[in-house]
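*Asks:* What follows is each chain in one-letter form.
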Amino acid sequence: MATSNYQPKNRFLRAFNEQLPILSLIHDSLGPGYRAPKNLNYWWNFGSLAGFCLIVQIVTGIVLVMHYTPHADLAFDSVEHIMRDVNYGWLLRYIHANGASMFFIVVYIHIFRGLFYGSYRSPRETLWFLGVIIYLLMMATGFMGYVLPWGQMSFWGATVITNLFSAVPLVGDEIVTFLWGGYSVDNPTLQRFFSLHYLLPFVILGMVILHIWALHIPGSNNPLGIDVQGPQDQVPFHPYYTAKDAFGLGLFLIFFAVFVFYFPNFLGHPDNYIEANPMVTPAHIVPEWYYLPFYAILRAIPDKLGGVVAMFAAILILFAMPWLDGSKARSSRFRPIYRTFLWLFVANAILLGYVGANSPDDFLHLGGVDISFLTLGRIATAYYFLFFLVIVPVVSRWEEPLPLPKSINEEVLKKAAKAAPAE
Amino acid sequence: MATTEQGTSEGTDVTRRDFLYVASGAFAAVGAAAAAWPLIDQMNPSADVLALSSIEVDLSAIDVGQSVTVLWRGKPVFVRHRTPKEIEEARAVDLASLPDPQADEDRVQKPEWLIMVGVCTHLGCVPIGERGDYDGWFCPCHGSHYDTSGRIRKGPAPKNLEVPEYVFLNDTTVKIG
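Protein sequences, first through last, are from chains A and B. Taken in order, the first sequence gives residues 10 to 432; the numbers are from the numbering used here. Taken in order, the second sequence gives residues 155 to 331; the numbers are from the numbering used here.
No lab work stands behind these hints: they were computed from the structure. Do not take every clue at face value.
What the hints assert, rightly or not - Simulated restraints on C-beta separations:
hint, chain 1, residue 1, chain 2, residue 2, range
1, B, Asp202, A, Ala329, 45 to 53 Å
2, A, Asn286, B, Trp191, 32 to 40 Å
3, B, Ser178, A, Met288, 52 to 60 Å
4, B, Ser178, A, Leu314, 39 to 47 Å
5, A, Glu409, B, Asp172, 40 to 48 Å
6, B, Ala250, A, His374, 35 to 43 Å
7, B, Trp191, A, Ala252, 53 to 61 Å
8, A, Met288, B, Lys308, 23 to 31 Å
9, B, Leu174, A, Leu22, 46 to 54 Å
Heads up, the beta-carbon is just placed ideally off N, CA and C, and yes, glycines get one too.
Full structure from sequences and hints, please.
*Replies:* Shown next as structure tokens:
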């Protein structure tokens, strides 16, 4: 961040800011002191929305803990106590449970924005890596949070996911016993998950602060993917993008509220309203929707260790994006061929999610043809890795991008002239 | 010059001070590791969990062809009183065709009593009895089929269902663990 020339008008605030320049920091990162490209579109709203979601989860989470009991014998009942007895407990819990889904929706769109406009490219690699780390932390936090109500899906989801580590050669079983604190998922497991579920959001918050810091060094990318050349290409973050973000937040809150008030259990699984029972496995163990594509990849590989490796590789491969993409242009707007493959990748990821929600032994009836979900999952998994390992490196280097505009300002003025023809 | 000489000697020779740096650094690292160990080892099973390690099961109430599930170390254990047909099926298999070859004789102490941990070796679900393509167990989570000896036959699980340690205390009582 550039040295601030911010001077509060109030004499006392000025003196305070000289001793602790936190007001300058806010002014320069979220206020008029941060200048952003003036052509940011609505895809750029999802960063601040993700930050909003994190705050909602932390605030509702802290108050839920005032009523929740992290013990295998009491957890399930304490959640019902929250739902039935605690004032507005139902609302707080539904906001927290649906808030997790909202957070993932927002973050998936945010990641897609980065992929589409090449926001991971130099000079923003560190920014991208921090983002992937946040995503990994979110997955761990979301998983452990889902265990806390101690329902059937909580218990069996925890069993399946922790058992993934038993695929580690030689010490797999010892690792799993270590994670459980016993010979099965039980009270010690629940208590440590609770502890970590409370801790990790604050780790995420710290990573978010680093993420924003790393954003403000090179500044925001933009839909054209070209560099900012001077002040004519930018507008101050406040009031322009604070207003735009606030408008987007309004729309997002409507979407959020529809789930919380009208379909609060739509994204959950009914079996989680049955208390955990180590003797009975539910007919289908399905993870939360945001893990489904990776669950499909896990099941697509016929080897236990191979499946686990592929599943983790599917996420970790995001770290390699800055090197896989060798295009001369950042933004997919100027890369029609690559763009087609990227949209296919999105469709494929949704397909993987659909496959993950179904049993591999079942069949999809397409017209007169029956395809097993296992086959479908394998095809989709193949495209997933093909995209990262072949399509991105080859197409990005081979496809000649369309001519790039000279500057952001020129392009914005051209667009404005087109929208409002000479009076 | 004196300063140059001093600089050279510090740069190339091992001094008493270098040794002190390395020694104190190494000592601190060992200390830090020792301090970290309790923080790590607290995650492992505690004494009370370890203490609950064996149970006794009364077999007299289990008829031929019947199976009971008991809880041992937080996990289900299947105790199955096998029929002669099931025993025969389990013993007629060509071992070379199995993903995890093991003779039925090595999995039981008395042929009619099959005792094993009811946890799928894939990802830890509880398989359902008398289902699947081999009349044994079927895991609903990811579709592993086990035979009448609890051996994996088809599906993603890599190993046969685990046989726990057990002893027959008398004809009608078995102690697991």
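*Asks:* Each hint needs a verdict: does it hold in this structure or not?
*Replies:* Structure-based check of each hint:
1. Asp202/B to Ala329/A: 45 to 53 Å: holds (46 Å)
2. Asn286/A to Trp191/B: 32 to 40 Å: Check passed, 36 Å falls within 32 to 40 Å.
3. Ser178/B to Met288/A: 52 to 60 Å: holds (56 Å)
4. Ser178/B to Leu314/A: 39 to 47 Å: About 43 Å separates the Cβ atoms of Ser178/B and Leu314/A, which means 39 to 47 Å holds.
5. Glu409/A to Asp172/B: 40 to 48 Å: About 58 Å separates the Cβ atoms of Glu409/A and Asp172/B, which means 40 to 48 Å is violated.
6. Ala250/B to His374/A: 35 to 43 Å: holds (38 Å)
7. Trp191/B to Ala252/A: 53 to 61 Å: Once the Cβ atoms are compared, 54 Å apart, the range 53 to 61 Å for Ala252/A and Trp191/B holds.
8. Met288/A to Lys308/B: 23 to 31 Å: holds (24 Å)
9. Leu174/B to Leu22/A: 46 to 54 Å: The hint (46 to 54 Å, Cβ to Cβ) holds, given that Leu174/B and Leu22/A are roughly 51 Å apart.
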